[in-house]
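Trainee: Using the sequences plus the hints, can you model the full thing?
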Amino acid sequence: HLRAEKIARIADDIPELEVFGPTSGDLLVLGWGSTYGALRSAVERLQAEGHRVAHAHLRYLNPFPRNLGDVLAAYGQVLIPEINLGQLRLLVRGRYLVDAHGYDRVRGKPFRISEIEAAARALLPA
Numbered sequence: 005h006l007r008a009e010k011i012a013r014i015a016d017d018i019p020e021l022e023v024f025g026p027t028s029g030d031l032l033v034l035g036w037g038s039t040y041g042a043l044r045s046a047v048e049r050l051q052a053e054g055h056r057v058a059h060a061h062l063r064y065l066n067p068f069p070r071n072l073g074d075v076l077a078a079y080g081q082v083l084i085p086e087i088n089l090g091q092l093r094l095l096v097r098g099r100y101l102v103d104a105h106g107y108d109r110v111r112g113k114p115f116r117i118s119e120i121e122a123a124a125r126a127l128l129p130a
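The sequence shown begins at 5 in the working numbering and counts up one residue at a time.
Treat the hints loosely; a few may be bogus.
Label pairs and their in silico Cβ distance ranges [what the hints assert, rightly or not]:
hint : residue 1 : residue 2 : range
1    : E119      : D16       : 11 to 21 angstroms
2    : R116      : E22       : 19 to 29 angstroms
3    : G98       : A52       : 31 to 41 angstroms
4    : E48       : R70       : 25 to 35 angstroms
5    : H5        : R49       : 44 to 54 angstroms
These are calculated hints, taken from the structure and not from any lab test.
Virtual Cβ for every residue (Gly too), placed ideally from N, Cα, C.
Mentor: Below, the structure is given as C-alpha cells:
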C-alpha cells in the first residue's frame, strides 16, 4: 500500500492534462506517445469543418493526470487510437468507467491522418 500511496501523491506534482479544442463537446481523441502528430492533424481538420472535437495527449500514464476524469466526462464520446492492442483504452475504461472506443492497429507503421479522421467521424453525431 505504501507504493500505491506514493504513486498517488505524484499526481499532485505532474501537470494537468491539456486539451486542444473545446473544453467540452461531442468527441475527445485521447492519445499518448508517437500518435501525437496524426491525432492532432485529424482533430484540426474536423474542427475546421465545425465539429466539436478536441485532442488531449497523455504524457504521464502512472499516475494519470489528476484532471483526466473530469476531462473525459466533458465529452459525449472518447476515441483512443493506439498502435498496439488497446492497453490504454483498457486502463481508462477500468479506472474511469468511461465507454472509450478504440482504434487499434499493430502494423509497425504510424497512423495516417485519414485513418484517425475516419474513426472519429464514425463516432460524431450525424
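Trainee: Would you mind marking each hint as holding or not holding in the structure?
Mentor: Consistency of the hints with the structure:
The hint said 11 to 21 angstroms for the Cβ distance between E119 and D16, and at roughly 37 angstroms that hint is violated. Take R116 and E22: their Cβ atoms lie about 25 angstroms apart, and the range 19 to 29 angstroms holds. G98 and A52 have their C-beta atoms about 34 angstroms apart, which keeps the hinted 31 to 41 angstroms range intact. At roughly 27 angstroms, the beta carbons of E48 and R70 sit within the given window of 25 to 35 angstroms.
The hinted range of 44 to 54 angstroms is satisfied by H5 and R49, whose Cβ atoms lie roughly 46 angstroms apart.
Hint 1 from the earlier list is the only one contradicted by this structure; the remaining hints agree with it.
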